[in-house]
Amino acid sequence: MLNSFVLLFIAVIVLKVLWDITLDLINMRYSTSPNAKIPDVLKDKISEEDFEKAKRYLKDRVTLGVIMKITSLILTLVYVFFLFPFLEKVLESKGSFIVQSLLFFGIYALIDYLVELPFKVYSIFVIEQKYGFNTTTPKLFVRDQIIGIILGVIIGVPIISIMMWLLNKFTVWWWQLSILSTAFLLFFMIIQPLVIAPLFYKFSELDDEELKSKLRALLDKSGVKVPHIYKMDASKRTKKQNAYLTGIGKSRRLVLFDTILSYNHDEVLSIVGHELGHHVKKHIPKLLLIDIVFISFVLYITNVVYRFILETRIFGVSQPYTVFAYSFLFVSSLVFFLEPILNYLSRKMEYEADEYSAKLLGTPEPLISSLKRLVKENLSNPNPMPLYKVWHYNHPAPEERIKRLMEMGVIDRDG
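Quick note: the sequence shown uses this note's numbering, first residue 9, plus one each step.
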């Protein structure tokens, strides 16, 4: 039985990575083959030259991603068969149980970070630079990394300490960790726009008074109360465009990337209308509830696997932090196969937000125009493989969104 579980453990981890890579490669082949065509609804915006450039961009990103996933799989197997037992043995005399736990996860995170760093550098300074997206300087990149590490320590130390205390005290701990996770999610939603985001970006009140007035009118019409409308200096890092609505209560704010201000006002309003749709349709609390249920389910399964590994000593480890690491590696690979369900729910909400935006503006045309521009300017894949969309897309493909909007036609603004 024990050998069977080890085989299952490794099989799940390996199968997850191989299936993920297979999807990437099949999608790349499907989307970049000579038979791949520009969707009819995008032909007025995307030229053959744009299409070929998007294909090359996809190939470069997939190639890097596949190499990274293979590297990650090899590293995971090193963790399982060597590093986790080795670290437990080395750390067993290093202070209290909590100190050992912090050192264990600190070393684990550091190794992951150092292995991932070259891929991140290559992605930003080679691929994104090659296609004209990157505006991040090496100095800014280093600054971001330092801030990210400091935040990771500040946030990670208390969370890991509480988690490990619970694991050491209780046999059944999944529901306590579920409560802790929920509290952290709510806390993060409050502090992210107020504390974390300003560490990386500069936010200033939108200075386009005409656009600001139109946005205020749109907010009033939607009934969503937003104290502040900010412009974010995203152009310091990228040329890609976005806008988002974030925060809870007084911390709620509408944020526009400065890169999106080149869009005409109706296009900006349509994108903001989409974000408002998520709030009016209660997608945020719905997604939060889904996250809480999903996290609780994952923690429950992790607790079951944890108890089995702890009782059988199947990997030759006995400390709660090591056993938890094994358990979470296994379960996180297992739940990867549930992604299509979560993505289906997300895509459904995106359609609803699109529909709301079109009705709010009285016409789908500005959002259609925005989507076409985003596909063209962000070199999005206009022709993804159907199975890849089902598995990985939490937004409908642009072609599908545009077709759905075109079917709406002219809308009564007061309807």
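Because the hints were derived from the structure by calculation, they are not lab data. All values derive from a computational prediction rather than experimental measurement. One should not assume that every hint holds.
Claimed, not checked - Think about it this way: if two alpha-carbon atoms lie no more than 30 Å apart in a straight line, the pair counts; the simulated DSSO-like pairs of lysine-lysine are: (1) LYS177 / LYS222; (2) LYS67 / LYS177; (3) LYS67 / LYS294.
Unchecked claim - Taking CB as the label site, the calculated pair distances span: (4) PRO93 / GLU56: 39 to 47 Å; (5) LEU159 / LEU23: 17 to 25 Å; (6) PHE336 / TYR252: 28 to 36 Å; (7) ASN43 / TYR252: 52 to 60 Å; (8) PHE149 / VAL86: 21 to 29 Å.
We put the beta carbon where it would ideally sit given N, CA and C, even for glycine.
Cβ distance range 52 to 60 Å for ASN43 and TYR252, holds or violated
36 Å, violated
Within 30 Å, alpha carbon to alpha carbon, are LYS177 and LYS222?
Violated - the C-alpha atoms of LYS222 and LYS177 are around 56 Å apart, more than 30 Å.
Assuming the hint says 21 to 29 Å, is it satisfied by the Cβ distance from PHE149 to VAL86 or not?
Between PHE149 and VAL86, where Cβ atoms are some 27 Å apart, the hint holds.
Cβ distance range 39 to 47 Å for PRO93 and GLU56, holds or violated
56 Å, violated
Okay, PHE336 versus TYR252 on CB: inside 28 to 36 Å?
Once the Cβ atoms are compared, 30 Å apart, the range 28 to 36 Å for TYR252 and PHE336 holds.
Honestly, do LEU159 and LEU23 meet the 17 to 25 Å range at C-beta?
34 Å, violated
Would you mind confirming whether the straight-line C-alpha gap from LYS67 to LYS294 stays at or under 30 Å?
35 Å, violated
Given pair status - LYS177, LYS67, alpha carbons within 30 Å
This hinted pair is violated, its Cα atoms lying about 49 Å apart.
Checked against the numbered hints above, the structure violates hints 1, 2, 3, 4, 5 and 7; every other hint is satisfied.
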